[in-house]
Structures are given as structure tokens and as C-alpha cells.
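J.: Now for the letters of each chain:
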Amino acid sequence: MTQNQRLGIVVSGSLGKGVEVKLDSSASIEDMAVGRFVTIEGQKRRFFGMISEVSLGMTDQKLSLTPPDVADPFIAEVLAGTSTFGTLHVTPTLVIGGDADSLLEGPQPVKTVPSHFSVVNLASERDVELVFGTEDAKRFFIGNPLDMETKLCLDLEEFVKRSNGIFGKSGTGKTFLTRILLIGMLQKSQAVNLVFDMHNEYGWEGTSEKGPKVKGLKQLFSSKVAVFTLDEENSRHRQVSTDFVVKIGYDEIEPADISLLRQTLNLTEQAAEAVYRLRQRFGKNWLQSTLEMDAEAGKELDIHESTFQNLRRGLSTIQRLPFIEPKPPTNAVKAVLEHLDRGTNVVLEFGRYRDITAYILVANMLSRRIYAQYQERMEKAMAEDTTKPTPLVITIEEAHKFLNPEAASQTIFSTIAREMRKYNVTLLVIDQRPSGIDSEVMSQMGTKITCLLDNERDIDSVLAGVSGRNELKSVLAKLAAKRQALVFGHAVPMPVAFQPREYGSAESYREFTASGKAETEDLEKLWE
Amino acid sequence: MAELERVGEVIEASTTSFTAQCYELYEIPPLGSLVKTGNSSAELYGIVYNAATTSLEPGRRPIARGKDEKTEEAIYRSSPQLAKLLRSEFGAIVVGYKEGDRLYHHLPPQPARIHSFVYQCIRAEVMEFGQSFDFLNILLNANLPVPAEELVSASLRQMSQAHQDPRAFLVAAGKELAILLSGNLNQLKAILGRIKT
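Quick mapping for you: the protein sequence lines, in order, are chains A and B.
So the first sequence is numbered by our numbering: it starts at 1 and just counts up by one.
So the second sequence is numbered by our numbering: it starts at 1 and just counts up by one.
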């Protein structure tokens, strides 16, 4: 790419709506693409922005009524750029030079627009690097901005400070993107991850639509990742070496877990209510006791017989889950916490239990316990001024099942999304129906990465509250169905459409592991 | 530097144009070509917009003489006085001037003087003059007996011959015209149709 390829000049615009750029006749409109970066050389400042719309203009409307003979190359050449011209709509988002702030502190958000007839250039690689940074100890290379060779780097330390979301239709590459991000967090941030891996995609190996299986985290970073499983047999079949088999005791299930499962277990509201009474009556062992109890005993507790039967049916569904045991030999929560404390990332595979009941139950239960622990530790650390617990990122899939407006009030995840930042716990939400997620939770997400979405409501809910959302909407709608995504929010200085880096080839694995090693080597050098 | 070709002498002058009489009958510079006149302190540039051959005396019209002659040339051979009784003259619209080394593409402070010699500009001068298209505006807005599109296209065709890449010159001129004539598409089309290569 040539440096500073001139595109045209600014002819009109506003801060709210972006500026209109008239293309020079030398720049072909067909080379422009929505989502490309440009710089605008104002008189005092340099602006950095993104093309959000490309359109055709003409000086005289008569031209459209009686088009000239453009078959003649001479006439076509004369008219191009003069009577007929291309216009770009550019949304300036950052100031990257010129004033003292942006020189000292890097790109600053725009508060004005460039003056009339400022020259617009295609952003050079250096400009893009200036904005998105280069790969370093904090920043992780996640992909290339569309049509560019430059690396797009995400500031992962900033990223893990808030809850984040990855969205996109099924099959658009959410899982691959998540894997890349997990590797990034594993290497470049201080945070540890707890992944509720519903489809067994992250731990040992994952599937790829292209055919061959791709390596999971454990294969690439065996020392930093522990694979927990709910289904030992299935893991053995898949020849996955697991570190821990999770069993859940009856006494670990709380009434809140049941009310969350009310819809999936088909419980009536009275039945869900009754659970709390049973818990009060029997204490920790309420599940066991309820299952052993008969309807007569229920009456004593003022529970109607039909309600009781309904509840019994629901509870026995849970009881039938093979990983639920009356008295498990191990404590899963303790084991998870131990690993996390050691800085080991935990991937919990669900094996064959892919139905949503098991997923919601386990994810919610474990998270709640871990949340409680973190809250306690953090408060203690703040009171005693000691070290705070390691930041934790909990990854959940099918998030709309937990975070929909009805369930959000009952699950721990909405609390985490809303306020757990203070307690060093954040969420990484992966979902294909963002419109199903409570808007309150969506609004608290720091960084959102979205692959192609085509449902109007989904797009609206993802882009809610983002400045320049109409422009982003057109970028989002034009994403390719695979391996293209749009990232915006806290961890990036401006919204950007990008192509995630490659994952799956032998070379890509080397690059992933190499960048981690290089870092440790650097550290070792310090000690020499 | 090549010898300047003297083509005539100014017989009528105003701020915007001058008329020159040719020294030889019918030796008129082509329509749209660049001519210059004036002295060494200020040279005026003009573009030939009109030419005419008439009788020397306004009241005496020429009469047909070729009834018994075989060819046209024979008429002039048998009546040699004709070359003296007829005269060719051309009008040029002033489009700029040169003072010292500087070339200006606007009207000069003084008009040409009567009896100034008129020269056909050489290639280097045409190229130098053609570096700016400001003269197009003068041509388009002048109130002349010839249609502006004819004059503009003729002058551009003439000038393009002096350039190494006539097409590039015409494209650049066309773009300038497209801007000048953004409100008059038909005129633009007419000119482009006349200068396309």
C-alpha cells in the first residue's frame, strides 16, 4: 500500500452525523469499502475515522436523465470526478495528532470536525498502528482490520476489567473468536478463566466446519489449563485427559437454582415457591428429604398435592442427572477455586449433558459459590489492605437463557454483569440472540464483539447506546458470514470491523504459543 | 528559438479583442490558434475567433470572374490585381498577456496598438500558455459572433497539438470545462463531442 493515498476532500458534515467527502477523480469509488480507515488532515489536527457510507453524486440532475455517452473513454474520463463523482461518508472518531493531548496520551475522542476542504487520505499502516497499538505485553493481536495488513490489537487488561460479549448468528465464528480471546487472556492478562463449555469446544479439541479438528486450550497450553468434566465416560471416549471429575451433591442445590429452572423443568409457580418452604423446613438436605417424602407430609407443610407432584417430577429430573450424587467424594467448587488461585484456567466440559437444564444448573450453582467466595475475599482484602484475588473471567454460552429479562433477576450472572467488576469477576457472554438478553445487562458490557447478525432486533440490542450506531449498523450488516467481526467498546479506541486471525493451522498454533513464550523469555532475561 | 512567423498587423484594437490584416491574401492563422502582438515590454495573447476575406473598398463587391477559366488558380493568374484588391483579416480575442517573464491569464491593462505586428505563437509558447485553463472562462463568456463551443473546442484542439500527450491535455481541459459548465450540460456535451480524440 502506498503511504497516504489521497482520496478526496471534506465538503460538508457535522460532528453528530459525520462528514461528507468528495472523492478525487483519481480515486475509484469501486476501491472504497465501508469500514476502511481514513485520516483527515485538518488545519490543526489530524482526524482518524472510518468510511461508513459510499454514494454517487452528480452536479447536474439532468445527467441522470440524459446520461452522456460513457462508452467513449474520453467523455467518461472527463466526467469522472467532475460532473459525476463519488462521495464518502466518514465518521471521524479520534484525533491522532496535532494537539498536545493526543501527542502525549495517544488518540483522543473527537470533539469537533475538520474544516472545509481538508484533505482525506487512506489511513496508512502507521496511523492504524498508532490507534490500535502494536502487540506488546498488554495488547493481543486478534485480527486484521478489513482490507488491511495491519494488526488489530486488543488491550486485554482493559478488556477483562468489564463484562464483555461475543455475538453472532450460529456458524459465524463465535467459537473461534472466543478461543482466540481466551488464549489472549491466558497470555496477556492477569485474569484467570472459568469456561462453562457446553459443547466441549474449548478444552481439548474443537470441531471446525472445514473438517479437521482444531486444538483446544489444553493442547496448546497444558500447564496453564485444567479440563474439568461432568461426564467422565464421554471424556474418556474422546481421549481427553481430564484433571477433575465434577460431581454435585444434593446439598449443594439451592432453591434459587430450582426457580431458575422453573421453565425448563415445567414447574408451576406454587411449586417453585414450595421449594423455599422445604428448604426452611429441612435445611441443607432438603432435596434428599423432599424426594423421600410422600404427599401426606407435603400437606403438613401446606403444600397442595398437585403442586407437590409437580415439584417431585421436576426434582427427579434433576436427580436423574448422573453427575448429581447424594454424597459426592469431592468438592467441585473447592477444586475449581484451588485451580483458579494457582492461576490455572478451568474449562468445564459438559460431555453428553448438553441439555440446557444441566448447563443452567451447574453454571449457575458453581458461579454463585465462586461469586460468594470472591466477594468475601475481596471485602477482606479491602478491609485488611492485602492482595486482591486474581481477576476472574467466567465464560458462558447460550447466555440469553441466563440473562433474559425473567431469569436475569434470579441468576448470579446478571449480578456479575452488573456489579461484580468491583469484586474482580467479569463475564464473557457468548450468544446468538442478543435481543434475548436483559437490556440492563447489555448496557453494562464493556466491549462487544459481534459477527454477522441479521435479525433487526438483535442488531438493535447489540448496538444500543453506541454513538454512531446507524453507521455501525451498515457496517455490521455488510459483514461476511464467516470470519469477520465488528468490535467496539471499552477495549478499543473506536469501533472496527476486522478479520479474526487464523486459528487451526499448525502455523497458527506456533504463533499463538510463540507469542506466549517470547514473553516469558523476556521475563527470564530480566533476571539475568 | 524558432523564427517567429509574422502573420499580420493590427488594424483595430480594443481591450477585449483586436483585428489584424494578413500580409498575404488567405494566409490566415487557423481558427482557435494562439497569436501574440505587442512590444517587448508587454505582449498580448489572443485566440483567433473569426476571419474574413473582403474587398479592399467596402462599397465594391467582388464579381464572378471564372466563367471562361478552367481552374480557380487561373482566375488569379489572369487577374493579378485581385490579390491587391482583396484582403484577409482575422479577429482575435485577448486572453492574456506577458509582462517580463510573467504570464497572466487575464485582460491586459492596455489594448494592442494599431500597426503592431501579429505573430503566430510557437509551440513552446502554446505549451506555456496552456498550463492554465483560465482562458476558457474568457472564451465561454465572450460575446462573439462564433458560438463559444466552436471556439473553445477549436482552441483546445489547436493547443493539444503542441503538447506531447494531446489526450491528457484534453482530458484536463475537459475536467476544467465540466466544472465551469456544471450548470450547462448541453454546452459541455457539445464541446466534449468536438474535442474527443
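For the record, the hints were derived by calculation from the structure and aren't laboratory data.
No experiment lies behind these values; they were computed from the predicted model shown.
Accuracy of the hints is not assured; some may be wrong.
Taking lysine-lysine pairs in the DSS-like style, the calculated list, with each CA pair at most 30 Å apart, reads [as the list claims (entries may be wrong)]:
id, chain 1, residue 1, chain 2, residue 2
1, A, K111, A, K22
2, A, K22, B, K84
3, A, K22, B, K175
4, A, K169, A, K111
5, A, K161, A, K422
6, A, K380, A, K422
7, A, K334, A, K299
8, A, K247, A, K213
9, A, K62, B, K98
10, B, K189, A, K22
11, A, K138, A, K327
12, A, K334, A, K215
13, B, K84, A, K62
14, A, K138, A, K22
15, A, K62, A, K161
16, A, K169, A, K388
17, A, K62, B, K67
18, A, K247, A, K215
J.: Let me make sure I understand: some of the numbered hints might not hold for this structure. Which ones are they, in numerical order?
T.: Hint check: 2, 4, 7, 9, 11, 13, 14, 15, 16 and 17 fail, others pass.
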